[in-house]
Amino acid sequence: MIIKIKSLGLLCDKLPHSIEIPVGGNLKTFKDILMEMTDHQTSSKLDNAVYIVNKVKADNETALKDGDEVMILTVLGGG
Amino acid sequence: MLYGYAGKMLFINLSNSSIEEKEVTKELAENFIGGYGFGAKILYDMMPAGADPLGPENVMGFITGPASATKALFGARYTTVHKSPVTGGWNDANSGGYFGPELKKAGYDALFVNGISDKPVYIYINDGKVEIRDASHLWGLDTKKVWEVLKEETGEPKIRVSAIGPAGERQSLISCPINDGHRAPGRGGGGAVMGSKKLKAIVVRGAKNIPVAHPEKVLEINKKISDFMKDNQTAYAFGTWGTGVGTPASALSGDSPVKNWGGVGIIDFDDEKAQKVGAVALDRYKTKKYNCSSCPLGCGAEYKVEDGRWPLEQTERPEYETAAAFGSTLLCDEADAILKCNEICNIFGFDTISAGMTIGWAMEYYEEGILSKEDLDGIELTWGNGKAIVEILQKMADGDGCGAVLANGSEYAAKYWNKGEEFLQTASGIELPMHDPRFAPGLSRTYKYDPTPGRHVKGGLGSIQMTDHKEENYNYDETGEFDFQLTANTEIMNASSLCYFNSLCSPPETQNEFISAITGMEFNDEIALKTGHRIYMMRHAFNIREGIKPSDMEISKRAIGDPPLEEGPLKGYSIDVDLLARNFFEVAGIDFNTGKPYRETLEDLGHLDEVIKDLYGEAELV
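Those protein sequence lines, which keep their order, are chains X and E.
Counting in my numbering, the first sequence runs from 1 upward without gaps.
Counting in my numbering, the second sequence runs from 1001 upward without gaps.
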């Protein structure tokens, strides 16, 4: 199933606009597949990001369905 | 020879126009480094307890550190210090640009000003020659205009200027000096202090070479940093878009305050709104990049705005704090309004955080029906109303009507109108900055209890929790040691003149390496921790002498989740700020209840004899 990605913050232009994950997958599945596609530094940032799924804060157990949008928020310190 | 320093400090008393130079001693340099390390030591020695912050006994310092003007990358910062007219206690604030290095090249590591002039003046320092010049003709000019006039008047097109605008002249408690047209040591009322002294500006020009102990080592460290930054995503993001690249993510994650700290980003300020005010969107106005002196990153930019309601021929990219203070805090997604507010603050000389937050307080009160339209001179200050926000800020800038009240900040306004205190979002009177402790709980301890309350750039646990948000951050067991180490490390960063972004975009060891290479001093982690501890203690001691104890320090309830939010990413979080503080003070060697540092801690740190004498009495000294 296709999961749309909106990336804001540090990785705003580093991630694909969508990825495909197995039907029945959850946020952890999504993160694992996405991290496989990225370098170590990006993976580390993805690990510390805040995830919002369909406008609600998500955790690893959050179930995903085809067409869901995952917002990945990488907060920058300082400023 | 003292490496890394110009070697001299300047002391000017505007009451009697006296100008005096003093040497930077090896003892001062080794034990207090520079920046507010110097500032805290000097002000503690110079000022009596109980000095009126807007009176002649208040001393305002402008201080550089060893990294400044020495080719060290990220070495552009300088610090202002003074007693705050808001808190009545210690104040330091930090700025970038080119002013700090130029002051040092003009021959002085620091300038300290006390007294009050009987007419407006500016201080002109040109390659060691110091003059107090009449500024009557400059009074009333904005900070950009005054820079242009002074270039003409001095015949020196390359001068650097730190100046107050009309807000500081009127002694607005949220005013600040502005250097290089748009950089500011914003917090704590420094503009009011300068205004009270009738000190319009400090003007500097210099060409002095600052001696460096191991210049080849400095270049090696620079190369290490440059190589590191090539693949560093934080450096890439900040260097491309500045700190405003984080505005949307912060608004939606819970990092930013929303709706005067009472709202939730994804509900009240959704991604469509948030992205409108992020730097990726705003950079459509960018004309060129701006780097501070010796900065490899360049988080700034110049803008030209030709559309919208307030075209601006030449302005600057708003920094994250500004974009959030006038954006999510006010539910405003109108980019033109935010850009205009940034410009007003820069030219009139306001702290953008306090200005935005003061408007947010007034906005909530208006929406609650407590402040009336008449109270606000007919302005309908509704959530997200960009036109009203600009109108009210302009009134604050002009000192006009309700603006004259609001120009002194939210706490002053609440007392003046005798309403609204329960919704202030402050720490000891200082409007809170744009990072929420409910998102990064360590910030609560820093905001409430640091000698300068309400600051997001004073290190501590919060500084790393902002970018590493996780459940274990809400566990307050044994937080003291690490919280203190991070704080002490930041004391060194601020004393050395290194930019905060060196800590985010460079290998961590480079801070100590720079200090060693520049000064020739041994400066390892152990020495850094002790020196940072000493500097922190000096700032804290200033407050204790003023009678400010931890139990006197306050923070707004919303900031610590009292009560917790009922929806959104930060639903249910409450922060045990006092437990975090107790853990911290235990390691710092300070009694939490009285605020008094333990004598053995002061003796172990050394070079704090005056503090020991004041706290424990002369008779007890051996």
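Hints listed in this document are in silico derivations from the structure and should not be mistaken for laboratory results.
Any given hint might turn out to be false.
As the list claims (entries may be wrong) - List time: in silico BS3-like cross-link candidates among lysine-lysine, alpha-carbon distance up to 27 Å:
1. E/LYS1470 with X/LYS4
2. E/LYS1129 with X/LYS57
3. E/LYS1129 with E/LYS1119
4. X/LYS65 with E/LYS1286
5. X/LYS6 with E/LYS1158
6. E/LYS1217 with E/LYS1198
7. X/LYS55 with E/LYS1273
8. X/LYS55 with E/LYS1276
9. E/LYS1289 with E/LYS1224
10. E/LYS1273 with E/LYS1158
11. X/LYS55 with E/LYS1304
12. E/LYS1273 with X/LYS6
13. E/LYS1470 with E/LYS1304
As the list claims (entries may be wrong) - One-sided excerpt, in silico: chain X residues whose CB lies under 7 Å from chain E:
14. ILE5
15. LEU8
16. LEU10
17. ASN48
18. LYS57
19. LEU73
20. VAL75
21. GLY77
Since the structure is predicted, the reported quantities are computational estimates derived from the model, not experimental observations.
Virtual Cβ for every residue (Gly too), placed ideally from N, Cα, C.
Hints, one by one, checked against the model:
A hinted pair counts as satisfied when its Cα atoms are at most 27 Å apart, and E/LYS1470 with X/LYS4 qualifies at roughly 24 Å. With a C-alpha separation of about 60 Å, the suggested pairing of E/LYS1129 with X/LYS57 is violated against the 27 Å cut-off. At most 27 Å may separate the alpha-carbon atoms for a hinted pair to count; E/LYS1129 and E/LYS1119 meet this at roughly 22 Å. For the given pair, X/LYS65 sits about 40 Å from E/LYS1286 by alpha-carbon distance, which is inconsistent with the 27 Å threshold.
Of the pairs offered as hints, the one joining X/LYS6 and E/LYS1158 is violated, with about 45 Å between alpha carbons and a cut-off of 27 Å exceeded. Annotation: proposed proximity of E/LYS1217 to E/LYS1198 is violated, straight-line Cα distance about 44 Å (limit 27 Å). Restraint check for X/LYS55 and E/LYS1273: the C-alpha separation of about 14 Å stays at or below 27 Å, so the hint holds. Restraint check for X/LYS55 and E/LYS1276: the C-alpha separation of about 18 Å stays at or below 27 Å, so the hint holds.
Our distance criterion of 27 Å between C-alpha atoms is met by E/LYS1289 and E/LYS1224, whose separation comes to about 23 Å. Simply put, E/LYS1273 and E/LYS1158 have alpha-carbon atoms about 41 Å apart, too far for the 27 Å limit, and the pair is violated. With a CA separation close to 34 Å, the supplied pair X/LYS55 and E/LYS1304 exceeds the 27 Å bound. Of the supplied pair hints, the one linking E/LYS1273 and X/LYS6 holds, its CA atoms being roughly 14 Å apart against a limit of 27 Å.
A distance of roughly 40 Å separates the Cα atoms of E/LYS1470 and E/LYS1304; the hinted pair therefore is violated under the 27 Å criterion. With a cut of 7 Å, the hint placing X/ILE5 at the interface with chain E is violated, because the nearest CB-to-CB distance is about 13 Å. Interface restraint check for X/LEU8: the shortest CB-CB distance to chain E comes to about 4 Å, inside 7 Å, so the restraint holds. The restraint placing X/LEU10 at the interface with chain E holds, with a minimum CB-CB distance near 5 Å, inside the 7 Å limit.
With 7 Å as the threshold, the beta carbon of X/ASN48 comes within range of chain E, its nearest partner Cβ sitting at about 5 Å, so the hint holds. For X/LYS57, the interface hint holds, since its Cβ comes within 7 Å of a Cβ in chain E; the closest pair sits about 4 Å apart. Nearest Cβ of chain E to the Cβ of X/LEU73: about 4 Å, under the 7 Å cut. The hint holds. Interface restraint check: X/VAL75 against chain E, minimum CB-CB distance 5 Å, threshold 7 Å, status holds.
The beta carbon of X/GLY77 is positioned within 7 Å of a beta carbon in chain E (closest approach about 4 Å), and the interface hint is therefore held.
Of the numbered hints listed earlier, those contradicted by the structure are 2, 4, 5, 6, 10, 11, 13 and 14.
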